[in-house]
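Trainee: Two chains, each in its own frame: build the complex with the hints.
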Amino acid sequence: MTRFNRRDFLKASGAGLALAGAGGLAGCTKKGGHVVVIGGGFGGATAAKYIRMWSQGGVDVTLIERNPSFISCPISNLVIAGEKSLADITVSYEGLRRHGVRVMQGEVAGIDADKRQLRLASGDSVSYDRLLLSPGIDFLYDSVPGLTREVSESANIPHAWKAGAQTVALRRQLEAMPDGGVYALCIPKAPYRCPPGPYERACVVAHYLKKNKPKSKVLILDANEDVVSKKGLFTKVWETQYKGLIEYRKEHAITGLDIASKTVSFDFGDAVKADVLNIVPAQSAAAIARPFINKNNRWVGIDWLSMESEVAPYIHVIGDATFAAPAMPKSGHLANQHAKVAAAAIVNLLAGEPVNAEPLLTNTCYSFVDDKNVVHIASVHAYDAKEKTFKIVAGSGGLSSAPNELEGKFAHAWARNIWADMLA
Amino acid sequence: MTPHIRIFALAMLGALPASALAADPNLGRNLAATCANCHGTNGKSVGGMEALAGLPKDKIASAMKAFQRGEKPATIMHQLAKGYTDAQIDAIAGYLSAQK
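These protein sequence lines map, in sequence, to chains A and B. In terms of this note's numbering, the first sequence opens at residue 1 and continues consecutively. In terms of this note's numbering, the second sequence opens at residue 1001 and continues consecutively.
The shape of chain B in the complex, shown without the other chains (with noise of 0.2 Å):
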């Protein structure tokens, strides 16, 4: 790794909160391997279902939320969408989001 990597590294780091270094780093992967089923392998869907790769954060987790709340018109997700805690669409969301 050259210097300058490195300080780029340190700096990234740094501007994460200090729970997110502890917990498991596959914490969200693990997840949002539960949505897969339906939404596709990392929420790229192959049609049919709604794509989740590459929204942004607080829409999934909004959405998430709204279904929990019987908010949002649902099938099935407001049934699913209460088996969740906040942390866990949280972390959710946050892998989700940065699917390419």
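In isolation and in its complexed conformation, chain A is listed as follows (with noise of 0.2 Å):
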């Protein structure tokens, strides 16, 4: 069994020496300590690379992620209508190497809060002065009567709701369906990873068909009580664009599964055949975050001043995987967000600093109605510190006014630059 440390870390990094030199500098305080980063997504990349920057290279951070790259969830709906490649949403941890990020891939088993201490599946441990938690979401299989692990993550009946290679088995089987063949898209009761993201896939899923297989149907079974997000831009180009290919039915929670047939059924209507059933199952915070979870069985709470969980000490937990302020949604957007305040927060901390008292996160998210045109919705949420918790600002945010070809530039625009933010 290996241990990491600091020294370890220096050494293996080579960033002593640069240390050493740095602190001959005028002006350059060393601040010194090691972060663990778990999870290399919107929100734990952003916040290694952060701080980093933030510390002039002072903090030394390592980031364990399980995949070999980062596949982006955002535009991953594109690759499902066959208008992007997995390729095109893919990018390499290579550019947090040239910040001096020590990028491992591995599974983390289990940590030790009390000796501020992690194990690795392959039996390494690492120590952290501080442990940053980016870990995003789990599936609670449970949650669809019927519906296993094993049928969940095979290409048979997938969610496609974390991005790669069940996004590709999805694709496959939109292209293998018949013309007048029937896609059923399932949403679990909020709150899930990206509220608009199942009507996004809708709409990209339909414009696919109407071009490909016209004759093709697109049914959106909703456990919620209605659209959660951008109800009055979606269900307008449901009636017109897509009239007569999607078809929306609210308050539909699955009470029961047949695999074989790829049946769904429901307390109330009737039950569904589907050629292609994409089940997004109901979320909690990731696994490796089960100790800290305090929030309805489900999500972590945190200081949203430090992003500290309420529970575990020198942990921090950021992302999908926490319990939300108001209005806030679970974003790729807001992960990134979240990871700067985390990031400050840290970097003063080790410091021996006092946390800043406002900080402001804003939330931008655009969804493609087809391959062109795009609604957006926008928030500014500011702390507050009576309540201790963020609120939207008020007059700020909105909606698109509709679907426009501008805003779709704009939205690939936004997934280059939010990427180059985390990972470049």
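Think of the hints as simulated: they come from the structure by calculation, not from any bench. No incorrect hints appear here.
One side only, chain B facing chain A, incomplete, derived with CB under 7 Å:
1. N1030
2. T1034
3. A1036
4. C1038
5. G1040
6. T1041
7. G1048
8. T1075
9. Q1079
Among chain B residues calculated to face chain A with C-beta under 7 Å, some are:
10. A1033
11. M1049
12. I1076
13. K1082
14. G1083
Take a look, some chain B residues computed to stay more than 10 Å from chain A by CB distance:
15. A1053
16. A1063
17. K1065
18. A1066
19. R1069
20. G1094
Don't be surprised by glycine CBs; every beta carbon is placed ideally from N, CA and C.
Mentor: Listed below in structure tokens is the structure:
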């Protein structure tokens, strides 16, 4: 068993020499400390880069990620629609190495919060001064009667709610579907990752079918009482551009599933037999964060100034795994924003300085309604010291007035810029 | 630090208003990081969005205020700009204009 500590880190990364050199420069204060980041998505990758940047290289950062490269959920619906490839939404972790982040591909088996140490599946252990968890979500397969991990993770009934092999599997099923087939998309009760994501998926799949298999049908089977996000914009598109192709059914929580015939049934309303069945199960904070879950048995409550867990000191949690502040969606954009609040706080705490008392967050979310036209939702969230949470700044934010091509161009530019902000 | 540099540093400090000395030194940096998702890290866009790094401070601040008033055409910035106070816009504009 190998133990990595700060000294090993310096040896391994060759940063020892660079730090010794930097220490001699006037104005450079070496703050020191070792931060381990678990999860290299929108939150974790951003935090790793910004901690290095904002400590002027003074804080050592190790990023542990199970995948060899980053694959983006935003834009992945365009892969499902056949407009983009998986390579288009895949970004290397090499850029983080250039910032001096030690990137390790591996699986974390457990966290010892008292010893400030974590154990890897490989048997190695890593110690930290502060831990940043950006673990994302895991699926609650038993939220759908009859569904199992094996079925959901197989290509048979994919969720495609984490980009990668599942995204490609769903694309292949749509390509193989006969003209006149039924694509059924089952949406879990909120809160779930990316609130407008399912409605965007229905639109871009319908765009593909309209062009290639016009007799087909898209059925949105939503467990929620109504469309969760961008309602007016999406329903208008469904009633005009995709009239007769997309059908939306609210209050359709799955109560029965027959895997062999791909049939889902409900307490009210007709059962649906699909050619392509895409079930997105309900979600919780990912398993590695389970010891820190203290909200609704699903999410991690945090101190919004430092992003530190309410139950475990020295452990900061960001992104989709957190118990959201009011009107704060689980989005990649917000995970990137959480990361910057956490990075600033961690650099200050390691240096014995107070954290920023007035952090601000923005959210910007673009949804494609076809291959070119896009609608957005945006908001600005300020910390409210009295209520100790983030609240939307009154008068800020809003929606597009209608789908448009200009925002289609901005959506792609947003993706390129946020991927670079995280990883370049 | 040589005496020469020390004198220069003191002169620089003397040039700053008293309020700036008391303020959080990272205020502008932290606020400008809310722009980076679209406009690039430290305002250095990788394309498709306006780069803000190194633009004159007044230009950034006056554009944000024009967005707030709805006087500058926008798809999203008129909605985002309304989330920032004048002091926050000033801090962001100051930080981004100093980026090379």
